Amino acid sequence: MKIFKSIEIILDNNLNKAEQFVQSRPKVNFLFGALFEACDGLIRSTKDTAKTPPYIRSNMDVKQYMGGVLVALFFGWVVPAIYFYGFLCVVPKLIVSFAIGVFVVDVIWVVLAREERINEGGFVTCLFIPALLPPQAPLWLIGVGAAISILFRNILGGVGHNLVNPALLGRLLLTICFPAIVVTGWQEPFTEIPTVQSFIHGVDAVTRATPLIVYKEIGETASYFSLLFGSNTGSLGETCRIAIIIMGVWLCFKRIANWRIPVAYLGSVFIFSAVLSLLVGNTVAPPIFQLLSGGLIFAAFFMATDPVTTTYSQIGKWIFGIGCGLITVVIRSFTPIPEGIMYAILLMNLIGIPIQSLILKIKYR
Amino acid sequence: MVYKKGFDLIKAYPTEFSEEVVSVRYSGQTENFSFSFPEKKVEHIIINLCPTEPWALPHWAILKGNTINFLHKLEKVRSEYFPDSPCRIVVDRCEDELINDLIRYGKKKEWLHTFSMKPVYPYDAPVLIIKNVLGLETTFGENPIDHGILLLEPQTITGIYEHYMLKRETGVRLIPISGTGLHENRILKIKPGTPVETVLKKYIRTDIKYRVFFDGLLNGTEVEDLSQTVNWSVKNIVVMEERDYKTPFPYMKTKELGSTTSLMGELRRCVYCNYCDDICPVNLEPALYWHCYSRGEKQKARHYALDKCIECGLCSYICPSKLELLQVIRECKSGS
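Protein sequence lines, in the order shown, are assigned to chains A and B. Take the numbering used here: the final residue in the first sequence is number 365, and no numbers are missing along the way. Take the numbering used here: the final residue in the second sequence is number 701, and no numbers are missing along the way.
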């Protein structure tokens, strides 16, 4: 305890010196001020005290809020993906995504645009990018995706100003620019007891179409068990649905994600697909298969719940979720595209704006 | 941490007062007790024995273990000044003994009613207490006496009894002092008119920076000049440590930092987290006011039921982006 205290004091003193050094030199401050602030912000609290009432504040801040999302994403997809596809498949992607997204694009942006500080929201976006792409996606694709996402995020104004989910927008642009690479390379996951070899390298790359594509082509559903526990093909982050559900529920419990959106989204997908499959027949996949396939659960818990891009009002969140569900089922069933989550969420992000203003007009007449 | 339409501050910031009540000596000029009896007819009297803020005066300090004695005083004051008005006493619903005492006493007296309540902040704010106890709607900033309702502090009853009925001038008021800027939390007997520095002299910590506040931390006022005097309307004094320097590893010290005036985070833009409308006790959406304010449309905020706001300060308290929502609301209210 005593050692820890003395380390703390030394660290504090040195950081104070470094802060003074950076702030007293305008040129250094111009180049590295924001970077220093960002690193310092991870280690130390702020100086600011409450100048207006209330004079005490709760300890929850945006950093913890985003930190919660990062933790949930880490255990929700990074850990299972390392098991299923091997260390060397996942970690380099993350490193490339973070390096290009946060440490290149974000830092350059902060220096050029003279934003006050680097936001931790960039990490969240960069952690999404590899999860949305197939396991065999090349590293440069991840880098391009992260760069586009962070660039658009910053152009729109960063946390608090996003119009649409930046990670999904990056994925959309990748789909437009590189359609062939984005929809191939679905690798069969490793499902045995892990060895050192499998842990590092994963298994031999055997590719197979995703359950949704298989259903679209030959009308066959995969086993629900394999879908739930992740032993089926899919994007890197979306396969182990049980882990995603656990972390998603934890996020809702911590009030970081709003429970209304996953409930509305998943519920409406279930109801619409049940009703439509009764009406239209086999064109529409059965409801439980719909719920467990593709990126639906990942998107419902992590992407649709991104607070800034949904509506502010709570009723609006229900409408938002139901709208996402409807569009997802319609795209999956009646278009040649096998997966419709990206389009559903991006479209509802935009429709969310008029929904919000309409709700306000009705509520406060 | 559970919050929904209010916040359990007492659980979040437990404050223990030592049972001994100490007098503060002061020989300068003091103020005498006075109570302006309302000209309008009083139809209801509400007495709050259930403070919802941890730094408020606890009821045991007033009752001193003798509830019956207090009720006798209340009965005499009522029959003398407000003979037709029924009295409602609000108590914490966990205080079984006190509730039993009140019910036993009220059995033969049809003017006395007991109302139990959960001590969740800000349920004792005038607007909410009137709504919960009487079911009447009032607006914030209105004097409840316009609706024929008299909100009495328990101390005022003993004050009226001693000053107007016994004609005995004690001239002291019980004021609790608490906070991390003090060596100990105390309940003091203070002669109104005493300067704040005299009151705090014995208890304040000199090794740290501190700030002094009247009437609680959530919507109270800051005492910038410590030679200011304590008057009869001051309910409590809180002294909080001021941490205007950076603290390493704040995640391991949330409790320690939480009881200072630190903002506990960086100022950011609204992230639409919905914390403020979950915690709002009167079902408003405070972030909307901030959106109006940040766009420069203060007048537009009035469209979103701004008048209903009771300025409890919980929205700014909970905001993870550390927005000054209470300040914004006050500016929107005044800037029309």
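One thing to keep in mind: the hints can contain errors.
To be verified - Straight-line C-alpha distance at most 25 Å; calculated SDA-like pairs for lysine to any residue: (1) 473/B with 490/B; (2) 618/B with 16/A; (3) 611/B with 365/A; (4) 254/A with 648/B; (5) 5/A with 39/A; (6) 369/B with 488/B; (7) 566/B with 391/B; (8) 47/A with 369/B; (9) 611/B with 13/A; (10) 369/B with 279/A; (11) 620/B with 71/A; (12) 441/B with 397/B; (13) 496/B with 365/A; (14) 567/B with 598/B; (15) 27/A with 107/A; (16) 611/B with 41/A; (17) 51/A with 496/B; (18) 473/B with 509/B; (19) 618/B with 70/A.
Calculated directly from the structure, the hints in this document are not laboratory data. It should be emphasised that the depicted structure is a prediction, and the values quoted were computed from it without experimental measurement.
For each hint, the structure was consulted:
no. : hint             : result
1   : 473/B with 490/B : 30 Å, violated
2   : 618/B with 16/A  : 19 Å, holds
3   : 611/B with 365/A : 46 Å, violated
4   : 254/A with 648/B : 21 Å, holds
5   : 5/A with 39/A    : 20 Å, holds
6   : 369/B with 488/B : 12 Å, holds
7   : 566/B with 391/B : 12 Å, holds
8   : 47/A with 369/B  : 30 Å, violated
9   : 611/B with 13/A  : 10 Å, holds
10  : 369/B with 279/A : 42 Å, violated
11  : 620/B with 71/A  : 22 Å, holds
12  : 441/B with 397/B : 21 Å, holds
13  : 496/B with 365/A : 24 Å, holds
14  : 567/B with 598/B : 23 Å, holds
15  : 27/A with 107/A  : 16 Å, holds
16  : 611/B with 41/A  : 9 Å, holds
17  : 51/A with 496/B  : 32 Å, violated
18  : 473/B with 509/B : 28 Å, violated
19  : 618/B with 70/A  : 21 Å, holds
The structure shown violates the earlier hints numbered 1, 3, 8, 10, 17, 18.
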